[in-house]
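S.K.: If you're matching them up, the sequences are chains A and B in order. At position 60 of the first sequence (counting the first as 1) the number is 60 in the numbering used here, and the numbers step up by one without a gap. At position 305 of the second sequence (counting the first as 1) the number is 305 in the numbering used here, and the numbers step up by one without a gap.
The reader is advised that the hints may include incorrect statements.
Stated by the list, open to error - Pairwise CB distance ranges (calculated):
1. A:VAL181 <-> B:ALA177: 23 to 33 Å
2. A:ASN103 <-> B:PRO203: 45 to 55 Å
3. A:GLY157 <-> B:LYS204: 50 to 60 Å
4. A:ALA228 <-> B:ALA177: 39 to 49 Å
5. B:GLU329 <-> A:ALA228: 24 to 34 Å
6. A:PRO163 <-> B:LYS204: 51 to 61 Å
7. B:THR231 <-> A:VAL177: 53 to 63 Å
8. B:ASP9 <-> A:ALA228: 53 to 63 Å
9. B:VAL330 <-> A:LYS172: 40 to 50 Å
10. B:LEU233 <-> A:ASN103: 54 to 64 Å
11. A:ASN261 <-> B:LEU233: 36 to 46 Å
12. A:ASN103 <-> B:PRO217: 28 to 38 Å
Stated by the list, open to error - Okay, the calculated bits of chain B under chain A, using three or more residues with CB under 8 Å as the criterion:
13. 4 to 13
14. 52 to 62
15. 133 to 145
16. 153 to 161
What the hints assert, rightly or not - For lysine to aspartate or glutamate, the following EDC-like pairs were computed, each having C-alpha atoms within a straight-line distance of at most 16 Å:
17. B:LYS129 <-> A:ASP129
18. B:LYS408 <-> B:ASP385
19. B:LYS129 <-> A:ASP36
20. B:LYS129 <-> A:GLU39
21. B:LYS408 <-> B:ASP201
22. B:LYS408 <-> B:GLU384
23. B:LYS408 <-> B:ASP9
24. B:LYS408 <-> B:ASP117
25. B:LYS260 <-> B:ASP201
Hints listed in this document are in silico derivations from the structure and should not be mistaken for laboratory results. Computed from a prediction, not measured in an experiment: that's the story for all the values here. Beta carbons are placed, not taken as given, at the ideal position from N, Cα and C, and that holds for glycine.
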Amino acid sequence: MPRKGRPKVAVWKFTSCDGCQLSMLDCEDELLAIADAVEIANFREATSAVVEGPYDLSLVEGSVTTLSDARRIQEVRAQSRLLVTIGACATAGGIQALRNFANIEEFRQAVYARPEHISTLSTSTPIQDHVPVDFELRGCPINKDQLLEVLSAFLDGRSSNVPTESVCAECKRRGNVCVMVARGAPCLGPVTQAGCGALCPAYHRGCYGCFGPQESPNTASLIRRLEALGMDGPARLRVFRTFNASNPVFRAASEAPAGGNP
Amino acid sequence: MTERTIDVDYVARVEGEGACHVTIRDGAVDDVQLRIFEPPRFFEALLRGRRYDEAPDITARICGICPVAYQMSACHAVERSLGLTLDGPLRDLRRLLYCGEWIESHALHVYLLHLPDFLGYPDAMALAKERPAAVRRGLELKKAGNAILRTLGGREIHPINVRVGGFYRVPTLEEAATLRPVVEGALALAEETFLFASTLDFPKIEFDYEFVALTHPDEYPMNEGTVTSSTGLQLPAERFEEAFEEVQVPYSNALQVVRKGRGSYLTGPLARYALNRERLTPRARALATEAGLPDVVRNPYQAIVVRSLEMVFACEEALRILDDYRPPEVPYQTPPHPPAEGSWAAITEAPRGMLFHRYRLDAHGTIQEARIVAPTTQNQKRIEDDLRTVVARSLDQDDRHLADACEKAIRNHDPCISCATHFLDLTVDRGER
Numbered sequence: 001m002p003r004k005g006r007p008k009v010a011v012w013k014f015t016s017c018d019g020c021q022l023s024m025l026d027c028e029d030e031l032l033a034i035a036d037a038v039e040i041a042n043f044r045e046a047t048s049a050v051v052e053g054p055y056d057l058s059l060v061e062g063s064v065t066t067l068s069d070a071r072r073i074q075e076v077r078a079q080s081r082l083l084v085t086i087g088a089c090a091t092a093g094g095i096q097a098l099r100n101f102a103n104i105e106e107f108r109q110a111v112y113a114r115p116e117h118i119s120t121l122s123t124s125t126p127i128q129d130h131v132p133v134d135f136e137l138r139g140c141p142i143n144k145d146q147l148l149e150v151l152s153a154f155l156d157g158r159s160s161n162v163p164t165e166s167v168c169a170e171c172k173r174r175g176n177v178c179v180m181v182a183r184g185a186p187c188l189g190p191v192t193q194a195g196c197g198a199l200c201p202a203y204h205r206g207c208y209g210c211f212g213p214q215e216s217p218n219t220a221s222l223i224r225r226l227e228a229l230g231m232d233g234p235a236r237l238r239v240f241r242t243f244n245a246s247n248p249v250f251r252a253a254s255e256a257p258a259g260g261n262p
Numbered sequence: 001m002t003e004r005t006i007d008v009d010y011v012a013r014v015e016g017e018g019a020c021h022v023t024i025r026d027g028a029v030d031d032v033q034l035r036i037f038e039p040p041r042f043f044e045a046l047l048r049g050r051r052y053d054e055a056p057d058i059t060a061r062i063c064g065i066c067p068v069a070y071q072m073s074a075c076h077a078v079e080r081s082l083g084l085t086l087d088g089p090l091r092d093l094r095r096l097l098y099c100g101e102w103i104e105s106h107a108l109h110v111y112l113l114h115l116p117d118f119l120g121y122p123d124a125m126a127l128a129k130e131r132p133a134a135v136r137r138g139l140e141l142k143k144a145g146n147a148i149l150r151t152l153g154g155r156e157i158h159p160i161n162v163r164v165g166g167f168y169r170v171p172t173l174e175e176a177a178t179l180r181p182v183v184e185g186a187l188a189l190a191e192e193t194f195l196f197a198s199t200l201d202f203p204k205i206e207f208d209y210e211f212v213a214l215t216h217p218d219e220y221p222m223n224e225g226t227v228t229s230s231t232g233l234q235l236p237a238e239r240f241e242e243a244f245e246e247v248q249v250p251y252s253n254a255l256q257v258v259r260k261g262r263g264s265y266l267t268g269p270l271a272r273y274a275l276n277r278e279r280l281t282p283r284a285r286a287l288a289t290e291a292g293l294p295d296v297v298r299n300p301y302q303a304i305v306v307r308s309l310e311m312v313f314a315c316e317e318a319l320r321i322l323d324d325y326r327p328p329e330v331p332y333q334t335p336p337h338p339p340a341e342g343s344w345a346a347i348t349e350a351p352r353g354m355l356f357h358r359y360r361l362d363a364h365g366t367i368q369e370a371r372i373v374a375p376t377t378q379n380q381k382r383i384e385d386d387l388r389t390v391v392a393r394s395l396d397q398d399d400r401h402l403a404d405a406c407e408k409a410i411r412n413h414d415p416c417i418s419c420a421t422h423f424l425d426l427t428v429d430r431g432e433r
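Let the sequences and hints guide you as you build the complete structure.
M.R.: Quick look at the structure:
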C-alpha cells in the first residue's frame, strides 16, 4: 500500500500490567531512532499527543475482559493496516485468564465490597479470539529485541524473523547446563517457545513457560519426566496454569491424566 | 445555578487507565473524582489455592513498572511464615535490586512522564527534538537502573531470579565489577538531574500533607521498617490494617485508602524524604542543602526534585553494596521450618510508596486469602484533595487549561493505575470454600 511520510504506529492497552508497552520505552538506545522512523500516533503511556487513525501498525497489549474492551478491539482493528499482539495477555489471556477456570461472581465478591459497581466479563480472552491478528509476539513480558525485530521488519516491508522453536534449542546454543538433568529442576523449556534467551535455566532455574507453547510441543513426554522428578497432579496443574493458562496446549497439559496422554 | 464540568477522559503519561471528572457549581468546586476504569484482574482472588512460594512471580504481574516491589513485599510476607530473615549479602542484594527499580522507575517518571509538563511538550520524544541532551541523560540513567535489574533479576520486567529465601543464582564478582562503572556513570547523571530539576519553575502551592512511609533506624527505607506518619503514628508493618482502611467509591475500579478517623494521606517519595531525610547518604543530603531543598517538601510539583534526589541516593547505595559485595556461599537461605498456618504481612517501599501484602496460609502453605494495598490506592484520595485546590485556584481559566492543570496535578504523584485496580477490601463475606 503506498504511503506518504512516516508510517503511523499506535500502541493500545487492554487488560494488562503495562509491562509489554514499557518494553518499548526500555529500548533506551533505540527509542529516539524509533520516534524518528515512525510517527508515534497513539501511545498514551508515553505521550498526551494523539493522532487520528487509520494507523499503519497497531501494537496491542492486554486481553479482553470487559464489554468495552470487546468493542474497542473492533475499532482498533478497523483502523489498523497491520495488527500485532504483544505479550501473554494479548496472545493467551494472561494471568487474569485464571478466572476462566473459576466462578467470576465469586471472584468479584471476593475482591470488591460492593461488586455491583464492577463490570467485567466472565473470561479473559486473547485478541485473536475477537479480531484477525497479523502477527503475535509472545512472552510475559515480551523480549524487547524481538519487538525491535518486528518494528524493523515492518519498516523494511519484510516478514519478521521470530523463532518458534523451543527454549531447549536456545538453551543449548547458550551453552547452559540442563537444569532438569543436572539439578532435577522441573523445567518447561522442552515445550515452551524460545525468545527469552533461555533466561531461567541461565539463572539455574527451570523455565516456567511464560512464552507459551512452542510449535510442536510434546507435553505428554514432558509430563512423564515431571512425574519422574516427583511432581504430583496438583503441582503440575499449577505449573501449566500461570501466564499462558488459557492457551489450549497448556490448558490440556494442566488437565491431562497421569502419564500425560489425554 | 450554574454548573460547569471539566473532564479529562484519559490521563496520559501515567501507568494504566484513569480519568478525572470535576464539577463546579456556582463558582465553587463541588465534586472531584479520580476515576479508574482500568479493568480489574482479581489478583487477590486468583492467588487463593496457589502455593506460598508462587506469590512473588504471580504478583509481579500486577505491574510492569514496579514488579520488584511486588516480589519483595510477597517474599517478606511469606518469609515471616517460614521464620526466615535474610541477612548479609543476600539482604544487600535485595536492596541492590530495589535500587535498580527505583532508578529505572524514577528516571522513567522524571524524564519521560513528568518533565514534558514543566517544559511544555506533549512527550519526551518531542522534547528530545529540541533538548536531546536532557532526554538522552534520562534514557542513560534509566538504562543503568535496568542494568542492575538485568544482572540481578535476569530481565528488567518481571525478573526471574527472585525467590523466597533469596535468589536462584547470585552475581559473580565479575558481574558485580561490570556493573560498577555503569552505576558510577549513573550517579553523575543523577546529580545532574537533581540540579537541573531544582531549577525548574514550580507553581507556588503547598499542602498540609499527612506523610506516611516506612522508617528504619539505620537506613533509608526499602525492604524493612516501621510504618510512620508525620502526625506521630508508629506501627509495625504487619499491623497496617489497624490504622488504615479501604473504602470503595462507585465511580472507580480501585479502592481508596484512608487513615482511620483522619482521612487522606500521602505515601511515596515526598513522604519518604520528609520522614527519612537524615538517613540519606551525606552526599545526597549535601546536594539537597546546596540546592535549597527544604527538609520537608509540601509542594507536589517538586516531587520531581525529590525523585531525582532519591536516584542520587539509590546510585550511591548501589555502589556501596557493589563495593562490599562478596558472593554468599548459597544463593538462598533455607527456612528453619515449613510455612506456618496464619496470616503473614509485610510492607516494602515501592518507588511510588508503601506496598502492603498479607497472605493467610493453611498448614500446607496454600494461600487461603490475599490482600494487597498498592501505593496508588493509598494516594488516590489525596490526589483528589490536591485536585480540589488546584481547580479552585484556577477557576478563571478555560476548560482546556483547567483540564490540563488537572492532568499535571495527577502526574505529580506518578500514579500507577495498573497497580491500583485490584487491591480491594476482603472483609466482605465471600462464602468460604
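S.K.: The hint says 45 to 55 Å between ASN103 (chain A) and PRO203 (chain B); measuring C-beta to C-beta, is that right?
M.R.: This hint holds: roughly 49 Å between Cβ atoms.
S.K.: Is the hinted range of 23 to 33 Å satisfied by the C-beta distance from VAL181 (chain A) to ALA177 (chain B)?
M.R.: 31 Å, holds
S.K.: Has the hinted range 39 to 49 Å been met by the Cβ atoms of ALA228 (chain A) and ALA177 (chain B)?
M.R.: Holds, since ALA228 (chain A) and ALA177 (chain B) (Cβ atoms, about 41 Å apart) stay within the stated range.
S.K.: Evaluate the given range 50 to 60 Å for the C-beta pair formed by GLY157 (chain A) and LYS204 (chain B).
M.R.: The hint (50 to 60 Å, Cβ to Cβ) holds, given that GLY157 (chain A) and LYS204 (chain B) are roughly 53 Å apart.
S.K.: Count the residues of the region 153 to 161 of chain B whose CB lies closer than 8 Å to any CB of chain A, then report whether that count reaches three.
M.R.: Three-residue rule met by the region 153 to 161 of chain B, so holds; n is 7.
S.K.: 53 to 63 Å was suggested as the range; check whether the CB atoms of THR231 (chain B) and VAL177 (chain A) agree with it.
M.R.: 56 Å, holds
S.K.: Does ASP9 (chain B) sit within 16 Å of LYS408 (chain B), going by the straight-line distance between their CA atoms?
M.R.: Between LYS408 (chain B) and ASP9 (chain B) the Cα gap is close to 14 Å, so the pair holds against 16 Å.
S.K.: In terms of beta carbon proximity below 8 Å, does the region 52 to 62 of chain B have 3 or more residues touching chain A?
M.R.: It holds, with 5 qualifying residues against the three required.
S.K.: Range first: 28 to 38 Å. Now tell me if the beta carbons of ASN103 (chain A) and PRO217 (chain B) are that far apart.
M.R.: Since ASN103 (chain A) and PRO217 (chain B) have Cβ atoms about 47 Å apart, the given range 28 to 38 Å is violated.
S.K.: For LYS129 (chain B) and ASP129 (chain A), compute the direct alpha-carbon distance and say whether it is at most 16 Å.
M.R.: Distance of about 40 Å is beyond 16 Å: violated.
S.K.: Going straight from one Cα to the other, do LYS408 (chain B) and ASP385 (chain B) come out at no more than 16 Å?
M.R.: 14 Å, holds
S.K.: Between LYS260 (chain B) and ASP201 (chain B), does the CA-CA distance stay at or below 16 Å?
M.R.: 36 Å, violated
When the structure is compared with the earlier hints, violations turn up for hints 9, 10, 11, 12, 17, 25 and for no others.
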